[in-house]
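Protein chains in written order, with the working numbering: chain P, 42 to 381; chain A, 42 to 381.
Careful, some of the hints might be misleading.
[As the list claims (entries may be wrong)] A few chain A residues that face chain P, going by a derived Cβ cut-off under 7 Å, partial list only: (1) Gly115; (2) Gly190; (3) Thr193; (4) Ala274; (5) Thr280; (6) Gly288; (7) Thr330.
[As the list claims (entries may be wrong)] Here chain A is said to cover these stretches of chain P; the calculated rule only asks that three of the stretch's residues, wherever they fall, bring their Cβ under 8 Å from a Cβ of chain A: (8) 115-127; (9) 144-155; (10) 205-214; (11) 262-271; (12) 306-313; (13) 337-346.
Don't read these hints as lab results, they were simulated from the structure.
The beta-carbon is built from N, C-alpha and C at its ideal position, and this holds for glycine as well.
2 protein chains.
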Amino acid sequence: MPRISVEECRQAAQLALEGAGVGTEAAWLQADLLLDAELRGLPSHGFLRLERIIARINNGVADPNARGLHSWRGDGFLSVDGQQGLGPVVAMHAAETAGERARQTGIAVAAIANNNHIGMLAWYAEALAEAGLVSIILTTSEALVHPFGGTTALLGTNPIAIGVPTDTGPFVIDLATSLVSMGEIHDHAHRGAPLAEGWALDADGRPTTDAEAAKNGAIAPFGAAKGYALGLAFELLVTALTGAALGRDVTGTLNAQFKSNKGDVFILIDPLSGQGAALSAYLDTIRQTPPTEGFEQVLIPGERGRARRAERLAAGIELAEPVWATMQRLRDAAKPESRI
Amino acid sequence: MPRISVEECRQAAQLALEGAGVGTEAAWLQADLLLDAELRGLPSHGFLRLERIIARINNGVADPNARGLHSWRGDGFLSVDGQQGLGPVVAMHAAETAGERARQTGIAVAAIANNNHIGMLAWYAEALAEAGLVSIILTTSEALVHPFGGTTALLGTNPIAIGVPTDTGPFVIDLATSLVSMGEIHDHAHRGAPLAEGWALDADGRPTTDAEAAKNGAIAPFGAAKGYALGLAFELLVTALTGAALGRDVTGTLNAQFKSNKGDVFILIDPLSGQGAALSAYLDTIRQTPPTEGFEQVLIPGERGRARRAERLAAGIELAEPVWATMQRLRDAAKPESRI
Numbered sequence: 042m043p044r045i046s047v048e049e050c051r052q053a054a055q056l057a058l059e060g061a062g063v064g065t066e067a068a069w070l071q072a073d074l075l076l077d078a079e080l081r082g083l084p085s086h087g088f089l090r091l092e093r094i095i096a097r098i099n100n101g102v103a104d105p106n107a108r109g110l111h112s113w114r115g116d117g118f119l120s121v122d123g124q125q126g127l128g129p130v131v132a133m134h135a136a137e138t139a140g141e142r143a144r145q146t147g148i149a150v151a152a153i154a155n156n157n158h159i160g161m162l163a164w165y166a167e168a169l170a171e172a173g174l175v176s177i178i179l180t181t182s183e184a185l186v187h188p189f190g191g192t193t194a195l196l197g198t199n200p201i202a203i204g205v206p207t208d209t210g211p212f213v214i215d216l217a218t219s220l221v222s223m224g225e226i227h228d229h230a231h232r233g234a235p236l237a238e239g240w241a242l243d244a245d246g247r248p249t250t251d252a253e254a255a256k257n258g259a260i261a262p263f264g265a266a267k268g269y270a271l272g273l274a275f276e277l278l279v280t281a282l283t284g285a286a287l288g289r290d291v292t293g294t295l296n297a298q299f300k301s302n303k304g305d306v307f308i309l310i311d312p313l314s315g316q317g318a319a320l321s322a323y324l325d326t327i328r329q330t331p332p333t334e335g336f337e338q339v340l341i342p343g344e345r346g347r348a349r350r351a352e353r354l355a356a357g358i359e360l361a362e363p364v365w366a367t368m369q370r371l372r373d374a375a376k377p378e379s380r381i
Numbered sequence: 042m043p044r045i046s047v048e049e050c051r052q053a054a055q056l057a058l059e060g061a062g063v064g065t066e067a068a069w070l071q072a073d074l075l076l077d078a079e080l081r082g083l084p085s086h087g088f089l090r091l092e093r094i095i096a097r098i099n100n101g102v103a104d105p106n107a108r109g110l111h112s113w114r115g116d117g118f119l120s121v122d123g124q125q126g127l128g129p130v131v132a133m134h135a136a137e138t139a140g141e142r143a144r145q146t147g148i149a150v151a152a153i154a155n156n157n158h159i160g161m162l163a164w165y166a167e168a169l170a171e172a173g174l175v176s177i178i179l180t181t182s183e184a185l186v187h188p189f190g191g192t193t194a195l196l197g198t199n200p201i202a203i204g205v206p207t208d209t210g211p212f213v214i215d216l217a218t219s220l221v222s223m224g225e226i227h228d229h230a231h232r233g234a235p236l237a238e239g240w241a242l243d244a245d246g247r248p249t250t251d252a253e254a255a256k257n258g259a260i261a262p263f264g265a266a267k268g269y270a271l272g273l274a275f276e277l278l279v280t281a282l283t284g285a286a287l288g289r290d291v292t293g294t295l296n297a298q299f300k301s302n303k304g305d306v307f308i309l310i311d312p313l314s315g316q317g318a319a320l321s322a323y324l325d326t327i328r329q330t331p332p333t334e335g336f337e338q339v340l341i342p343g344e345r346g347r348a349r350r351a352e353r354l355a356a357g358i359e360l361a362e363p364v365w366a367t368m369q370r371l372r373d374a375a376k377p378e379s380r381i
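Model the full structure from these sequences, guided by the hints.
Below, the structure written as structure tokens:
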């Protein structure tokens, strides 16, 4: 796999997006979100997505210039029509506006409809925690996950991120309520590797370890009945606040043809309590606790990704050959001389 | 097991609490919370707890008359000093006050410190959803859960409840971030039954299926690394907002001697979007989807408990013999003639 410097990656994505009509600042946000996923070791949310984002712009289902229409439905409730803008452009603008309000009122929520895929949630939670805000972030997706005890994909992967500022930096979790991601299923299919038992069902609702069969089936929720309960609660909560589509009616998160009708919710809280030092000390106690057999140490969620990012910022990113080839093609196609 | 009518149970708890100096309305709330847990089939949060609640009042670590000191730290942020009041009395008063504010601002949070055990969270989430509000409820507890990959109890069981109003009634989830409850461990110990593999560690941090050994050890988080991440995020979030103690410094949720220093957080949102019918239709789709082998049907979280409640409201509640004997003793000790 070619190892590319961070600046070269960033510039390629920036130029490719600008070539598709995205403004400088919006392109920077979208590129930074994809880059951050690569840096943390989440390539499923990285530059792999660039081609689809640009195709969606070209197909008219993503608006490169929209920032979202804001309306306050109460002093703490920001309702956002995403206008089919780019996910991170609309979402970060909404989160910043609601975050500013939370500094006055203590808490505010941004409920976003009609927005494109907002990508890796940790990117937002970390930025908001750096700015001193606690966040709870939810987003829905096309139906990929079966209910506990069910046979059909009826729920999105419905991730949650939570960010909490501490004196030693942001604490951030970011996890899907599915047991694995569809990206992992595709990766296994690509490598011809079998899935673990219990990961997925085939199109007929039967348990399968065949990754090809699982692509048209459904992924299990994480944590059995409890993970299913969480994923379902997030789907309902997001729709209650945003009016987003539900279950199999959700479109536009996995393809380049359809408008996106899922929802995003950002709950932002000014913690006020001055507990940053206590939180850091507690995390340190956990870090230093004896690990169980087979573990080198007890990990704090998010810290491995941040360590990877520090390494890669210096050493560059190893990109899969086809991903880098596509990025170069998109970049070169976007150069002014080729657009005459 | 004796089967007792709902009214006889309620009256016994009410009289026992009033005998300990609790006012009529506060006793009604505390008794109703315990009763509702019995009705739904969660006896670990039912009348079993009555004796400890009264012992805590008698020991001066629970104040039977406190309702909590309220101060608004922003238009949407209600900070509550629980004054060591009874859990449901302080928490329901705070949730109602914050809920009223959420109807004006769209969202509000109540962050409660110094409050006694608030019991089964579904009781609050259901009442708030009945009143038209979306809720996210978190509370912490004494350390019982080990980090994923760790050997020592460093986290509370840190449950979450989410309530969402729908046109066919409240949708409510309520789940601990531990794989099982300490109540289940005690129940296995009592019956001399072995634990399932992976449930718990002994006091030396070694995996055990011996329930007696697990009592002094630690319970696993649910859903491996993801459940651990959620439980840890809830512990940090609650403390960031309330100033509550963390990890092994938390006291007063499992004993009758120490003041309670954990925290409770109620986030309340007026959903505004008129999606109640869409949510109900979606839940119906899930209910009617074909189940997998070994399941009779796909369940919606909370509905089995509600069905049980309907049955028991009519037929009465089967209480464990010692629980009912203790209730009768507490009730009889509280009768005016015995208090002269």
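Okay, the hints, checked on the actual structure:
For Gly115 (chain A), the interface hint holds, since its Cβ comes within 7 Å of a Cβ in chain P; the closest pair sits about 3 Å apart. Interface hint at Gly190 (chain A): satisfied, since its Cβ lies 4 Å from the closest Cβ of chain P, which is below the 7 Å cut-off. At about 5 Å, the closest approach between the beta carbon of Thr193 (chain A) and any beta carbon in chain P falls short of 7 Å, and the interface hint on this residue holds. Interface hint at Ala274 (chain A): satisfied, since its Cβ lies 4 Å from the closest Cβ of chain P, which is below the 7 Å cut-off.
For Thr280 (chain A), the suggested interface contact is upheld, since its CB lies about 5 Å from the closest CB of chain P, less than 7 Å. Hint on Gly288 (chain A) holds. Least Cβ distance to chain P is approximately 6 Å, under the 7 Å limit. Evaluation of the Thr330 (chain A) hint against chain P yields a held restraint, the C-beta minimum of about 5 Å falling below 7 Å. A stretch counts as covered by a chain when three or more of its residues have a beta carbon under 8 Å from one of that chain; for the segment 115-127 of chain P and chain A the count is 5, and the coverage holds.
Taking a C-beta to C-beta cut-off of 8 Å, the segment 144-155 of chain P contributes 7 residues in contact with chain A, enough for the three needed, and the coverage statement holds. Counting residues of the segment 205-214 of chain P whose beta carbon lies closer than 8 Å to any beta carbon of chain A gives 5, which meets the minimum of three for the stated coverage. Taking a C-beta to C-beta cut-off of 8 Å, the segment 262-271 of chain P contributes 9 residues in contact with chain A, enough for the three needed, and the coverage statement holds. For the segment 306-313 of chain P, the stated coverage by chain A holds: 5 residues have a C-beta nearer than 8 Å to a C-beta of that chain, and at least 3 were required.
Only residues whose C-beta sits within less than 8 Å of a C-beta in chain A count toward coverage, and the segment 337-346 of chain P has 5 of them, enough to reach three; the restraint holds.
Hint violations for this structure: none, all hints satisfied.
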